[in-house]
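**Student:** As a plain string of letters, each chain reads:
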Amino acid sequence: MKINDAVSGVILLLLSLAVLFSISAYPKIPGQNVGPAAFPAMVALLLAACAIGLIWRGVRAKGQWLVPGPWLKSGPHVRNFLLTNLCLVFYILVSDKLGFIPSAALVLAVMFWTLRVRPAFILPLSVGVTLLIHLIFYKGLRVPLPWGVLLPWQW
Amino acid sequence: MTTAVLLQALSLILDPYVLTVIFFSALFGLFVGCIPGLTATMATALLVPITFFMPPVPAIAAIVTATAMAIFSGDIPGALLRIPGTPASAAYTDETYRMTLKGQAELALGAGLVFSAIGGLFGTLVMILFAPALAEFALRFSSFEYFWLVVLGLSGALIVGAAGRLKSAVSLLLGLLVACIGLENPAAHPRFTFGINDLMGGVELIPMMVGMFAVSELLRYVTNMDPPAVIVTEKIGNIFSGMWGLLKQYRWPLVRGCAVGTAVGVQPGAGADMAAWMSYAMSKKFSKEPEKFGTGHVEGVIESGAANNSAVSGAWIPAMVFGIPGDSITAIAIGVLYMKNLNPGPTLFTNHPENIYAIFMVFILANLVMLPLGWLTVKLATKILKVSSNILMPSILLFCIVGSFAINNSVFGVTLMLLFGLAAFVLEENGFPVAPAILGVVLGKMLEENFVTSMIKSDSDPMVFFTRPIAMWLALGTMVVLLWPLGAKILQLIRGR
Chain V
1 MKINDAVSGV
11 ILLLLSLAVL
21 FSISAYPKIP
31 GQNVGPAAFP
41 AMVALLLAAC
51 AIGLIWRGVR
61 AKGQWLVPGP
71 WLKSGPHVRN
81 FLLTNLCLVF
91 YILVSDKLGF
101 IPSAALVLAV
111 MFWTLRVRPA
121 FILPLSVGVT
131 LLIHLIFYKG
141 LRVPLPWGVL
151 LPWQW
Chain L
1 MTTAVLLQAL
11 SLILDPYVLT
21 VIFFSALFGL
31 FVGCIPGLTA
41 TMATALLVPI
51 TFFMPPVPAI
61 AAIVTATAMA
71 IFSGDIPGAL
81 LRIPGTPASA
91 AYTDETYRMT
101 LKGQAELALG
111 AGLVFSAIGG
121 LFGTLVMILF
131 APALAEFALR
141 FSSFEYFWLV
151 VLGLSGALIV
161 GAAGRLKSAV
171 SLLLGLLVAC
181 IGLENPAAHP
191 RFTFGINDLM
201 GGVELIPMMV
211 GMFAVSELLR
221 YVTNMDPPAV
231 IVTEKIGNIF
241 SGMWGLLKQY
251 RWPLVRGCAV
261 GTAVGVQPGA
271 GADMAAWMSY
281 AMSKKFSKEP
291 EKFGTGHVEG
301 VIESGAANNS
311 AVSGAWIPAM
321 VFGIPGDSIT
331 AIAIGVLYMK
341 NLNPGPTLFT
351 NHPENIYAIF
361 MVFILANLVM
371 LPLGWLTVKL
381 ATKILKVSSN
391 ILMPSILLFC
401 IVGSFAINNS
411 VFGVTLMLLF
421 GLAAFVLEEN
431 GFPVAPAILG
441 VVLGKMLEEN
451 FVTSMIKSDS
461 DPMVFFTRPI
471 AMWLALGTMV
481 VLLWPLGAKI
491 LQLIRGR
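Protein sequences appear in the order of chains V and L. Under this note's numbering, the first residue of the first sequence carries the number 1, and numbering increases by one thereafter. Under this note's numbering, the first residue of the second sequence carries the number 1, and numbering increases by one thereafter.
It is worth saying that the hints were derived from the structure and are not from the lab. Any given hint might turn out to be false.
List time: in silico DSBU-like cross-link candidates among lysine-lysine, alpha-carbon distance up to 30 Å [to be verified]: (1) Lys340/L x Lys139/V; (2) Lys102/L x Lys285/L; (3) Lys445/L x Lys28/V; (4) Lys97/V x Lys2/V; (5) Lys340/L x Lys102/L; (6) Lys248/L x Lys73/V; (7) Lys102/L x Lys386/L; (8) Lys139/V x Lys97/V; (9) Lys248/L x Lys379/L; (10) Lys379/L x Lys102/L; (11) Lys284/L x Lys248/L; (12) Lys292/L x Lys248/L; (13) Lys284/L x Lys489/L; (14) Lys62/V x Lys489/L; (15) Lys28/V x Lys457/L.
Some chain V residues close to chain L (C-beta under 7 Å, calculated; not the full set) [unchecked claim]: (16) Pro36; (17) Phe39; (18) Leu46; (19) Leu47.
The beta carbon of each residue, even a glycine, is placed where N, CA and C say it ideally should be.
Only chain V is shown next, with the shape it has when bound in the complex (with noise of 0.2 Å):
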């Protein structure tokens, strides 16, 4: 997806304005010139002023506002594009819940399947590496990933 430079000038300049906003409330030190505000204004300030000749180039330019890039009008890669976000969504929203394990299965079982591969390979691949993942991180280096509903079986 292709955004116009002028359009994304204008979101660089609204965020720039909201830094500059949000640190105008910021306290002084007493005694300092230089406050907790002094470093982002700057960054915020020379932001703004790129984002001003953004704009200026992009409306010089005459394009289009947005242009949909060739795997958006395709069907497949956007449902991959999709399921690829709402399948990390949805590991940040359960896996403490449910457990790393079933939740790192499914999300393997939905990228399997949205990019292909032999419907009969699915499940096997996808507990395979799933567990071998678990085993290198939970037992191999340790990192307490959460048991969710397996904990009463946990090993």
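Given chain V, put chain L in place with the hints provided.
**Tutor:** For chain L alone, coordinates are given in the frame of chain V:
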């Protein structure tokens, strides 16, 4: 350098644990570099969560070895599939592919391997000769000099970036803003934490890097519409035959490639890929047979193949001496050094010389084991290239999840990884390079600290930034770097008249 320190360093390296780490990171780097879509930077980002659990020397050894290997093995799919395995091989992918079509796959891959190792060793030699002297000089630096040094480094990232300067600047400034997040600023005031406790200590480097360099690549993979590439040759003979002849015939291009590569590597923001592009162009310019370039001619491959590996070593010089990364790989490595309490800077050379010499030895060892292991990888290449990436990529995604979780044993790391992965994906889709952003994040704290300290020391008089002798020269250098494009344009205008 005393013998005792050298022996101590040697005993650090010859530890069976360290040697095992080097061996497996070498295999890992060769594998990652060989698979198109997995880059050397990604190899580093994926290694970091594992190095988190290691002592300092093996941790750095793992990164050094894996990146050197990945930069070489990026040549393999270039020659066999016409797809560079890492961006550093892109400059001469067409050339090596044409050599393969002419039946010279062995020569292309052999030249890649042998001259990569020579380039890496050359960069290492420069590092061993100059880094300690530079560190001794840097001991005289105060906050003013460091301020300018960081600014100079960051400006370098804008000047040499292939993408437009404006977009590189935006990326850099976004990185600096990310560095502002958290409590760790000179005033210890929480900034941009949105009330989230996990952000008080700032953005965790590992999940951010895994997001920016691994998850964004995975997103690019799942949306990639290119048709699968076909391997053009199945049989690869002896890749070492004829190398001695090439070495004698092309010794000057080789030296030039090594020198340019090391110099480009030292430049902050410019890494192995830039070194390869510049060297390839230079090779063609100075060649006696420039007409052969692009038809499957080995000369450019030798020069730029040596250049990208010497850049990998060169990038470590400013990283270790000043804490200023030469490329995105060393930016990640600097994060690792901080985590290991081996804060980069000149004092590292005086307080822990054995670690520094151990790192030097790792570089030498890595470039030497590259020859046999690289040979093995080339032999197995046609099999490695057939690994189903639709099975590999989701497995890497799971690895990223666990790696990001492992830093604080909190799922917040995974959230950061996702956010930074998406951000990097969108930025790159729109022509904003990601490397300046990571430089900004890593250098932001150092820049602010030195700026604020200097301002307090000088009682807010900005003139002091220009009056100390070394600071003045660094300031002048920064101005030259920043104003160079403008000056060049004016010169062009004057000449045009």
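**Student:** None of the hints should be skipped; say for each whether it holds.
**Tutor:** Taking the hints in turn, this is what the structure says about them:
no.: 1; hint: Lys340/L x Lys139/V; result: holds (23 Å)
no.: 2; hint: Lys102/L x Lys285/L; result: holds (24 Å)
no.: 3; hint: Lys445/L x Lys28/V; result: holds (20 Å)
no.: 4; hint: Lys97/V x Lys2/V; result: violated (39 Å)
no.: 5; hint: Lys340/L x Lys102/L; result: violated (49 Å)
no.: 6; hint: Lys248/L x Lys73/V; result: violated (54 Å)
no.: 7; hint: Lys102/L x Lys386/L; result: holds (23 Å)
no.: 8; hint: Lys139/V x Lys97/V; result: holds (21 Å)
no.: 9; hint: Lys248/L x Lys379/L; result: holds (26 Å)
no.: 10; hint: Lys379/L x Lys102/L; result: holds (19 Å)
no.: 11; hint: Lys284/L x Lys248/L; result: holds (19 Å)
no.: 12; hint: Lys292/L x Lys248/L; result: holds (19 Å)
no.: 13; hint: Lys284/L x Lys489/L; result: holds (26 Å)
no.: 14; hint: Lys62/V x Lys489/L; result: holds (25 Å)
no.: 15; hint: Lys28/V x Lys457/L; result: holds (18 Å)
no.: 16; hint: Pro36; result: holds (4 Å)
no.: 17; hint: Phe39; result: holds (4 Å)
no.: 18; hint: Leu46; result: holds (6 Å)
no.: 19; hint: Leu47; result: holds (4 Å)
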